[in-house]
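Listed in order, the protein sequences are those of chains A and B.
Position in the first sequence counted from 1, then plus 10, gives you the numbering used here.
Position in the second sequence counted from 1, then plus 10, gives you the numbering used here.
Keep in mind the hints are simulated off the structure, nothing from the lab.
Built from N, CA and C at the ideal position, the CB exists for glycine as well.
Among the hints, a few may not be true.
A short, non-exhaustive set of chain B residues, derived as facing chain A with CB atoms under 7 Å [claimed, not checked]:
hint, residue
1, 160
2, 274
3, 327
2 protein chains.
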Amino acid sequence: MATLEDIAKALGVSKGTVSKALNGAKDVSSTMRNAVLEKAVELGYTRSIRRENGQKIALFITNMEYARPDDFGYDLVAGVRKAAEPAGFQVDLIPLTIQMQQETAYDSYMVQNQYCGGLFLGLSLRQDPWMKDFESCKTPTVLYDNHVSCNPNVTYIGTNNQEGMDLAIEYLKSLGHQKIGYLSYELHAYIYQRRYYAYLQAMLEHGLQSDPALTGSEHHVSDCLGQHLPRLLKQGCTAIICSHDILAHSVMVHCQELGLRVPEDVSILGFDDIPLCRYAVPPLSTIRQDRENLGRSAFHALTSQMNQVHVSSLLLHAQLIERSSCTIAKAITESL
Amino acid sequence: MATLEDIAKALGVSKGTVSKALNGAKDVSSTMRNAVLEKAVELGYTRSIRRENGQKIALFITNMEYARPDDFGYDLVAGVRKAAEPAGFQVDLIPLTIQMQQETAYDSYMVQNQYCGGLFLGLSLRQDPWMKDFESCKTPTVLYDNHVSCNPNVTYIGTNNQEGMDLAIEYLKSLGHQKIGYLSYELHAYIYQRRYYAYLQAMLEHGLQSDPALTGSEHHVSDCLGQHLPRLLKQGCTAIICSHDILAHSVMVHCQELGLRVPEDVSILGFDDIPLCRYAVPPLSTIRQDRENLGRSAFHALTSQMNQVHVSSLLLHAQLIERSSCTIAKAITESL
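All chains, please: the whole structure from these sequences, using the hints.
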């Protein structure tokens with residue numbers, strides 16, 4: 011692992027200059043600072059960063075709303091903290107903006123801010139400039155629900171979506187449903203692609219009609235409700251799986267507005283098990299992701315990376331949560 | 011978690027009888043012993059097992075030869091031990107036979123022998139009676155290179171085979187190879203299925219001919235060499251990936267016996283990076299599995315299971331190891 015001396019020697023400057031540059035001292039020119047940062051990244055200095063009272067890790071979040079108590083990220087962030095802080099790590103929660111990614115390369119940002127590892131939480135990373143950086147970054151990095159192939163320093167962490175869809179379809183099939191539809195957020199995001207293909211494969215494996223015509227995906231929930239939901243109902247779907255709970259809740263409300271009873275006329279199943287599910291009317295059946303333990307496992311994967319154990323992926327088991335939004339299949343009226 | 015008292019109460023016997031039965035005392039009838047074992051399993055007593063000086067885990071191995079210093083399992087077993095023993099766990103290495111599986115159900119075996127978790131190493135599990143038990147077992151269990159869906163107590167650990175094949179094909183393509191063949195052990199084993207499909211998908215993704223006709227798989231190496239190798243060479247394969255190093259080594263030797271130079275006439279790439287690779291002539295290029303860290307990670311997954319963190323899969327990154335068995339593509343003589 012590189013030291014300050016290594017960087018100083020490689021650049022032919024003093025160790026003091028390197029130290030000042032890395033700490034952002036004002037009496038070092040920006041040209042020198044950038045040269046030091048670039049050399050530090052090149053030599054893998056990221057792995058050497060230590061703070062006086064422990065180590066700092068950065069938990070980036072693309073949308074701070076995810077970290078609110080009623081949303082997905084809250085327990086996940088809590089899980090990271092519960093594992094990291096007793097182990098002597100400081101966890102900084104950082105809103106991830108496009109601008110900061112455009113201004114500074116990922117490894118440079120991490121060295122500059124003395125982070126020894128990065129965790130990423132959010133769904134829009136596919137459009138973010140740092141996604142490109144993750145293909146070759148040297149910083150130990152864990153992406154929640156996003157996958158980068160062939161960089162040993164990056165881990166994908168999440169829930170086994172294939173298992174989740176297997177559980178969902180096995181359950182609905184056991185209730186007599188044959189034609190099971192699937193509604194999703196747009197398929198640009200890695201995780202929604204995975205779930206979509208997992209749905210098609212699970213339908214196939216359970217001997218049911220595995221057909222993209224029984225699916226619909228849109229960026230806007232309103233388009234899913236306005237265009238795809240009526241189409242799936244007309245095709246005779248007696249149950250609909252949704253890519254995530256918020257969509258499932260909207261679908262449930264919209265079905266009720268259309269005069270359909272949930273679950274008597276149509277069964278609705280979500281994915282994630284966010285707090286909303288328990289309070290929905292009827293309470294939403296869903297596939298649970300174990301969020302707090304995802305956070306703990308993300309921290310484990312990050313420290314594994316720091317210790318040269320290059321975890322490619324770590325997936326937790328999915329779990330079916332039966333509430334009241336699914337019941338025995340009944341033919342939908344054709345009159346919609 | 012269940013205690014001795016719970017078992018005693020459920021059966022209406024004394025705690026002493028339960029204790030004796032679990033410890034195999036001879037003054038307890040076999041009927042009583044089986045009743046106690048079954049109740050212990052039913053109540054999830056496995057999770058409560060503690061030894062005086064720590065906890066015992068069982069490392070089952072289907073073929074003890076795997077654990078020899080020159081074979082695959084040696085570093086893996088060492089990795090488990092290096093992680094487990096400092097944490098206060100005793101690791102028992104147990105040869106796994108069909109007979110023991112027929113005699114005792116898996117959970118019962120684990121309770122009876124006071125193991126709080128099981129690790130399985132070996133390739134023939136698909137034919138083993140306990141594979142059925144793994145679908146619903148309550149004991150924390152980690153399977154190396156074998157996958158059981160939907161039981162939260164079972165973890166699949168291994169190397170990312172898709173990434174391994176991506177690295178292999180990207181590398182061979184960069185050397186100018188277009189027609190890349192694939193030879194494999196028979197596809198009954200889970201891991202060989204995974205690698206086979208990973209090969210086909212990686213060929214597709216790299217814009218090369220993804221065709222089962224360019225592959226061959228057999229139980230006996232001699233059949234691979236006698237039947238499939240000449241066929242692939244006749245079809246114009248200038249490079250051949252093998253499902254594991256031992257096969258790759260045999261293929262290399264057989265090519266040389268056929269008068270072909272490796273790698274000038276045909277490039278050969280293995281999978282695993284067992285010690286043999288370094289000493290082969292020429293030294294075998296391969297895809298490395300990080301065996302010692304697989305062992306460490308297996309132990310981590312097992313303790314996660316014990317702490318109710320239900321890991322579904324934990325895969326390490328694959329790594330391309332370039333030695334001397336692959337070089338720039340050259341047309342093979344058609345005269346074979």
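Classify the hint on residue 274 (chain B) as holds or violated, based on whether any CB of chain A lies nearer than 7 Å to its CB. Violated, because the Cβ-Cβ distance from residue 274 (chain B) to chain A comes to roughly 28 Å (cut-off 7 Å).
Please check whether residue 327 (chain B) passes as an interface residue: C-beta within 7 Å of a C-beta belonging to chain A. 4 Å, holds
Please verify that hint: residue 160 (chain B), Cβ, nearest Cβ of chain A, below 7 Å or not. Result: holds, 6 Å to nearest chain A Cβ.
Consistency note: the structure conflicts with earlier hint 2 alone.
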